[in-house]
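Q: Protein chains in written order, with numbering that gives the first Met the number 0: chain A, 0 to 270; chain B, 0 to 118; chain C, 0 to 150.
Hint data in this document are derived by calculation from the structure and do not stem from the laboratory.
Where hints are given, some of them may not hold.
What the hints assert, rightly or not - Calculated pairs, DMTMM-like style, for lysine to aspartate or glutamate (alpha carbon to alpha carbon, straight line, at most 20 Å):
hint	chain 1	residue 1	chain 2	residue 2
1	C	Lys7	A	Asp99
2	C	Lys7	A	Asp214
3	A	Lys83	A	Asp3
4	A	Lys239	A	Glu183
5	A	Lys94	A	Glu117
6	C	Lys104	A	Glu128
7	C	Lys104	A	Glu38
8	A	Lys94	A	Asp186
9	A	Lys239	A	Glu128
10	A	Lys111	A	Asp134
11	C	Lys104	A	Glu117
12	A	Lys16	A	Glu35
13	A	Lys94	A	Glu35
14	C	Lys122	A	Asp214
15	C	Lys7	A	Glu128
16	A	Lys111	A	Asp123
17	A	Lys83	A	Glu128
18	A	Lys4	A	Asp41
19	A	Lys94	A	Asp143
20	A	Lys22	A	Glu38
21	A	Lys83	A	Asp31
22	A	Lys94	A	Asp126
23	C	Lys104	A	Glu135
24	A	Lys111	A	Asp126
25	A	Lys83	A	Asp118
26	A	Lys239	A	Asp186
27	B	Lys60	C	Glu46
Computed from a predicted model, the values in this text were never measured in an experiment.
Spelled out, the chains give:
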Amino acid sequence: MALDKLVLEVLRSGGKKARYELKFRKGMTVLDALVEVRERQDPSLAYRHSCRMGICGSCGMNIQGIPRLACQTQVSSLGKDVVKVEPLHGMSVIKDLVVDIDPFLSMHTFVKPYLIREDLAERDGSDREYRVLSDEVARFLQFDYCIMCALCYSACPTVALDPDYLGPQAMAQAYRYMADPRDEGWDARINLLDRAHGVWRCHVAGSCSFVCPKDVDPAKAIQMARVEVLKKRVLRRTAKAGSPLVNPAPAGAAKQGTRAPPFDFKEGGRG
Amino acid sequence: MASKEFSLMRESWSMLLTYITALILVFVLTIHLLLESPLTGVPLEATLTFGYATGNLMYYKVVFGLLLFAAVIHGINGLRVIAIEWLHPRKKAWLVNLLAVVLIGFFLALGSYTLIAVT
Amino acid sequence: MAKTSRFKSGLISSLIPFGFNVERWGYVIHRVTGVILIGYLAAHLFETFQLSMGPGAWANTMSALHSLGPLEMVGLWLVAGSALYHGANGIRLVLNEVFGILMGKPIMPVYPYSPTSLGRNQKLAVWTITAVVLVLWLWAGLYLLAGLGVI
């Protein structure tokens, strides 16, 4: 699509739509356009951004009706010369494109997104590390790539309906830790997920995975979490013990400074 | 923040009941619909007569009983899920669950009366 | 600066699938058909209850329904379509939710990203269900039209 001029239509606070005309440059992202507007046309325009390279998750907003990262959205890829930008849906607006992410973050902290170990002295006072094998990492690594941009939370239809719903990000992170062999909080997290506003309110709309900029695939994590809940409730499975501590330099390990063997994703790799 | 829970049974058991009744329903409803006319060859108009309708109910009581049980539980539980999501009652969640149980009881009673009364 | 209430949230917003993936459309249709079916279930239980009141009550119920004219069969056709879609999609959802089937395994994300939960197997299931439901719904429509004596 040959673009010369671009119109950025931003929904400002108070419900008014502001239109800004810009000259299109090749490679321009929506964030570039917003920065240009703020610098040259309207310094009152408020939005969040930081890294501008799709790793911090700050610039999440609704672009052409879909939650996206502004820094990762090429204007040319949208196929229109009028780009409509709104704040993320399902969240309170603080100003213009800045939304209140506190409810989202509170859901995240609710699922205890950290390794839980029963022996705190061992966890806090050890001079060794917990063992994690390559095939064990493959089971949760995908879900560890979450940058907490809240796009999945905004895209979720249950979140739109129910503000008490945990949301895809929180549940995906809950599963991330449940699948981590070092974690001993499987029972605790099952009880956090098996609630009226927990994992059972996911109806597999899949929009969370559709919008995720890091392919964390929260929909998959949620269904895997559900299977874990059913394993406990129906099959009466019990939690396994967490990974043991191991010597930080096992026999046969590469010496410091030498090239380490490549990470083996074969078992959990794409196939 | 996720609210405190007031429920008659764990959500996982309630949803398992929904899944099981769903699978029962698919099977039994297919039988019910096919028995009404397509398989038997009886014209649609004839199946709506008093004699035919009561005859079906008499012969296939077990099928209809299972259909009633599965449909009411699955349907009302679905309504409960929509109510929990849409209304997100915090302190009154027990009321939504109780209303669901009352509705299930009412429709099961209504359908059971029909099944028993028609002889 | 004061916060507003949640932006574009609520029942209507949750039922707008435009621009999203096909599974989102499936969610919306599943929910709408579910509500239609609950309404029909209640009406059908009250209708069949008339059988226990005797032939007179049944005849009155039937004549009341027939007085709707073609709307009766159109309504039944919509209910048939709702039941077909809700049932077929429901089977896919049971596979997804209870057994985690069609979701794929955890992978190492490689750009350009393609989530396995929305991958080939899931799409195959969604479109197969849609095709089967449409064919059966068409057949149900023809069957009801034949019942009306139109064909």
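Q: If a hint holds in the structure, say so; if it doesn't, say that too.
A: Against the structure, the hints:
1. Proximity of Lys7/C to Asp99/A is assessed by CA-CA distance (about 14 Å); at most 20 Å being required, the pair is judged to hold.
2. Pair hint Lys7/C plus Asp214/A does not hold up; C-alpha atoms about 25 Å apart against a cutoff of 20 Å.
3. Between Lys83/A and Asp3/A the CA atoms are separated by roughly 17 Å; this keeps the pair inside 20 Å, and the hint holds.
4. For the hint pairing Lys239/A with Glu183/A, the CA-to-CA distance comes to about 8 Å; that is within 20 Å, so the pair holds.
5. With a C-alpha separation of about 44 Å, the suggested pair Lys94/A and Glu117/A falls outside the 20 Å cut-off, and the hint is violated.
6. Among the hinted pairs, Lys104/C with Glu128/A is inconsistent with the structure: their alpha-carbon atoms are about 27 Å apart, more than 20 Å.
7. For a cut-off of 20 Å, the pair hint linking Lys104/C to Glu38/A is broken: about 45 Å separates their Cα positions.
8. Restraint check: the Cα-Cα separation between Lys94/A and Asp186/A comes to about 40 Å, which exceeds 20 Å; the hinted pair is violated.
9. Between Lys239/A and Glu128/A the alpha-carbon distance is near 18 Å, which keeps this suggested pair within the 20 Å criterion.
10. Proximity of Lys111/A to Asp134/A is assessed by CA-CA distance (about 24 Å); at most 20 Å being required, the pair is judged violated.
11. Annotation: proposed proximity of Lys104/C to Glu117/A is violated, straight-line Cα distance about 29 Å (limit 20 Å).
12. A C-alpha spacing of about 18 Å is found between Lys16/A and Glu35/A, which places the hinted pair at or below 20 Å, so the restraint holds.
13. As the CA atoms of Lys94/A and Glu35/A are separated by approximately 19 Å, the hinted pair is consistent with the 20 Å bound.
14. Restraint check for Lys122/C and Asp214/A: satisfied, since their Cα atoms lie roughly 17 Å apart, inside the 20 Å limit.
15. For the suggested pair Lys7/C and Glu128/A, the alpha carbons sit about 47 Å apart, so the restraint of at most 20 Å is broken.
16. Restraint check for Lys111/A and Asp123/A: the C-alpha separation of about 17 Å stays at or below 20 Å, so the hint holds.
17. At most 20 Å may separate the alpha-carbon atoms for a hinted pair to count; Lys83/A and Glu128/A exceed this at roughly 49 Å.
18. About 18 Å separates the Cα atoms of Lys4/A and Asp41/A, which keeps this hinted pair within 20 Å; it holds.
19. For the hint pairing Lys94/A with Asp143/A, the CA-to-CA distance comes to about 31 Å; that exceeds 20 Å, so the pair is violated.
20. Under the criterion of a C-alpha separation no larger than 20 Å, the hint pairing Lys22/A with Glu38/A is consistent with the structure, at around 14 Å.
21. Restraint check for Lys83/A and Asp31/A: satisfied, since their Cα atoms lie roughly 15 Å apart, inside the 20 Å limit.
22. Restraint check for Lys94/A and Asp126/A: the C-alpha separation of about 48 Å exceeds 20 Å, so the hint is violated.
23. Between Lys104/C and Glu135/A the alpha-carbon distance is near 13 Å, which keeps this suggested pair within the 20 Å criterion.
24. Among the hinted pairs, Lys111/A with Asp126/A is inconsistent with the structure: their alpha-carbon atoms are about 24 Å apart, more than 20 Å.
25. Between Lys83/A and Asp118/A, the direct Cα distance comes to roughly 52 Å. Violation of the 20 Å bound is thereby established for this hinted pair.
26. A hinted pair counts as satisfied when its Cα atoms are at most 20 Å apart, and Lys239/A with Asp186/A qualifies at roughly 10 Å.
27. Distance check on the hinted pair: Lys60/B and Glu46/C sit about 17 Å apart at the alpha-carbon level, within 20 Å; holds.
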